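2 protein chains.
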Amino acid sequence: VFKIPRGTRDFTPDEMQKRRYVEECMRNTFQKFGYKEIQTPTFETLELFTAKSGETIVNELYSFTDKSGRELALRPELTAPVMRFYVDKLQMEPKPLKLFYFGNCFRYDRPQKGRYREFWQMGCELIGSSNPEATSELIALAYHALKETGLKNIHLKIGNLNYLEQQIEKTVEGINLDDCWPGGAAVFKSDMFRLIDKEDYGGVQNQFTNVNVESGKTDEFMTFIDSGSTKQLERFIDKEELDPYKEIISYLKKFGVNQVEIGMTIARGLDYYKGIVFEIDAPVLGAEKQICGGGVYDMVKSFGGTDVPTAGFAIGFDRTILALETEKYQFPTSSIDAYIIPLYEELIPKAVEMLQNLRKNSVLADIDLLRRGIGKSLKYASSIDAKKAIIVGSKELESSSVTVRDMRSGEQRMIKIKDLQQVLK
Amino acid sequence: VFKIPRGTRDFTPDEMQKRRYVEECMRNTFQKFGYKEIQTPTFETLELFTAKSGETIVNELYSFTDKSGRELALRPELTAPVMRFYVDKLQMEPKPLKLFYFGNCFRYDRPQKGRYREFWQMGCELIGSSNPEATSELIALAYHALKETGLKNIHLKIGNLNYLEQQIEKTVEGINLDDCWPGGAAVFKSDMFRLIDKEDYGGVQNQFTNVNVESGKTDEFMTFIDSGSTKQLERFIDKEELDPYKEIISYLKKFGVNQVEIGMTIARGLDYYKGIVFEIDAPVLGAEKQICGGGVYDMVKSFGGTDVPTAGFAIGFDRTILALETEKYQFPTSSIDAYIIPLYEELIPKAVEMLQNLRKNSVLADIDLLRRGIGKSLKYASSIDAKKAIIVGSKELESSSVTVRDMRSGEQRMIKIKDLQQVLK
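Just so you know, the protein sequences line up as chains A and B, in that order. For my numbering, add 681 to where a residue sits in the first sequence, where the first one is 1. For my numbering, add 681 to where a residue sits in the second sequence, where the first one is 1.
Hints are not guaranteed to be accurate.
Pairs count within a copy or across copies, as identical chains cannot be separated in the list.
Lysine to aspartate or glutamate pairs mimicking DMTMM-like chemistry, simulated, CA-CA at most 20 Å apart [said to hold, decoys possible]:
no. : residue 1 : residue 2
1   : K970      : E1008
2   : K879      : D790
3   : K776      : D1018
4   : K776      : D962
5   : K699      : E928
6   : K776      : E1026
Calculated from the structure, these hints are not laboratory results. Keep in mind the model is a prediction, meaning the values are calculated, not measured.
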């Protein structure tokens, strides 16, 4: 017996029905916001991903070699491919470009609960505007896309990497990091970002102590990242710098987002995110609660394109499904309207005619294909949750009728074939 | 600038709209016939594909190695993965199982016009019934799935590998192939199948001549594969063997298929196809006209499962799109209902409120995110084919109104904001 590769999944009809439903919900919301779908290949050149994320990412990639010797990799995420597509072919399109994607990604790490080697992401990229209303619409879209799937409890947090960087700099002001931190100021900052991202606040305090920051200044920093309102941020951030952030938050309300938190602890890698960043959590998922992340970023220029404002987000599709299931969301189900059971072999052609007629008129109908007896066929009809069974017998056919059985009540009655469609609707 | 890998494609918003439309059409038809969607991983163990198609397939696969050293491959087709899934997890489900899939596949060969290294297939597998009405429903489904996309001209041909094999055997009756054909009778047959599949009828005649078949018998064989009706087949095939084939064809009419051809030249590989085979062509595509292939096959047992009748087909998704385009099919387009243009920066918040309200009420609306002047904004609205532009100015707002411009006629009128939704619908 052949095995499924480790860390990957097969999806049953029930699972696929849920997944297509959520996919459709999100696609509709993206389109409602004027975003248009694009698609890129499942693999890209390896250098595309190392250019974006550095050489260490190679260990987390599925890579292989082309016939011409070029190294390729299954995509670990979709922003780099979309930017490659943009720089290559879409730079001349009228701005802003509002693009979305839905695709599978691959990660070559140890499979864990809720983490798979093949997983799905939906996301949007906004190219060409960095106005507050534009960034706000993007964030609102992420929020609504998740809400529209039926998720009850999600938390949106908005951060700002510039503020965070500034406050780190302010905290270590006057300290020569080149002397006391291996790699100097840049590494100090990125180490700090990593600790904040891991929510390791003890580590944050230690790192400041290690370079002899006085405890008062460290406390001040901890107060900053703990800020719960723009009011509190005013203590740390200059007015003209804070205003655009406030504006984004105030537009969010107009875009129908009623809940938003200040998230100064959002410390996505500084490699290409700039300024505004945001995350959406589904608390029902516990430790692995983040289901969306995004922000303003800068990649086009380093990919060889003409500089242009860009922002985007990605939603973890598998975690979204898991969150809905954990919240016990009632996914819509589809059961067939009618299951046709011909009682004898000679009656099959007539039964197929009826079937074809019903299907043509958009009745969801099916037929016994195994020439089973009535008992087994009714059992099968019940197992697929058919609403009605249509029993085709010789006697009934003499009067151009069939027996229609309600599968829930068990009630049976004779119906003229010409009236079938109406009875089943 | 990073390049897209050779033989792969990026899809623009316009292309994706077409693709999702056709995908949705086919999915709806599959579901109408009682088929349910499943999904398998993008890669499988390499041995799954070599078990199905032999070692030579390795040259046509993208393969790579797992962290545990196991060889994996991007799937070149989806029947083997579906059968692996079935044997592994679905054997106990009530029969028949009617499954469909939509997925990307990979082929490691030289890219040519219309042939890509990543391509998409949709297909169905019927597990658990080999009754004529069941096989016929499957074939009818392939036909309808293609017709429902809007394709005008397709040709369905139905063949039978048993008949073909028999007739080859009859033609070489009395000849000891072990003596005169390298590899003997089995290789002789599969060589013959390959020639017929390539439509190399000169080669077919030569091969018979090479083993000293008398020309009368060769002519008789050529007459057989040329059969254009079941009537003509009666000369070659015994009644009790021909009857199920006839029955399938007669059921096809009841399933709403009005055109079907006898296709004794269909010679899909004998490896796992058995008996009934079928193909659907789109003649508009010329040499690369086949857009669907399928038949009755036998794979479950060799995959370690309990023997069960299986049949299925795969539709080439990319070729279907190409055929529709070549037939100049008018794909549905979606243009937005309203493009909102705030005349001054101070009016943006009010404009966003309007936007949010319209979207909430299912009006497809968008807004200028670049704070452009009215001229540029109208040009953009026209470039995205917006039906109406909504110009938000201070004067109009004083009377709770906006200017609505019909983008086709250029006609403008003042509309109360509260009436907007109605005017736009």
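We went through each hint and held it up to the structure:
1. Only within a single protomer do K970 and E1008 lie at most 20 Å apart by alpha-carbon distance; the minimum there is 13 Å, versus 49 Å between protomers.
2. Proximity of K879 to D790 under the C-alpha cut-off of 20 Å is restricted to the intra-copy arrangement: shortest distance 18 Å within a copy versus 45 Å between copies.
3. When the C-alpha separation of K776 and D1018 is checked against a cutoff of 20 Å, the pair qualifies only between copies, where the shortest distance is 19 Å, while the shortest distance within a copy is 48 Å.
4. Neither within a single protomer nor between protomers do K776 and D962 lie at most 20 Å apart by alpha-carbon distance, with minima of 31 Å and 42 Å respectively.
5. In the homo-oligomer, the alpha carbons of K699 and E928 never lie at most 20 Å apart, since the shortest distance is 37 Å inside one protomer and 38 Å across protomers.
6. Taking CA atoms no more than 20 Å apart as the test, K776 paired with E1026 passes between copies only; the shortest distance there is 18 Å, against 64 Å inside one copy.
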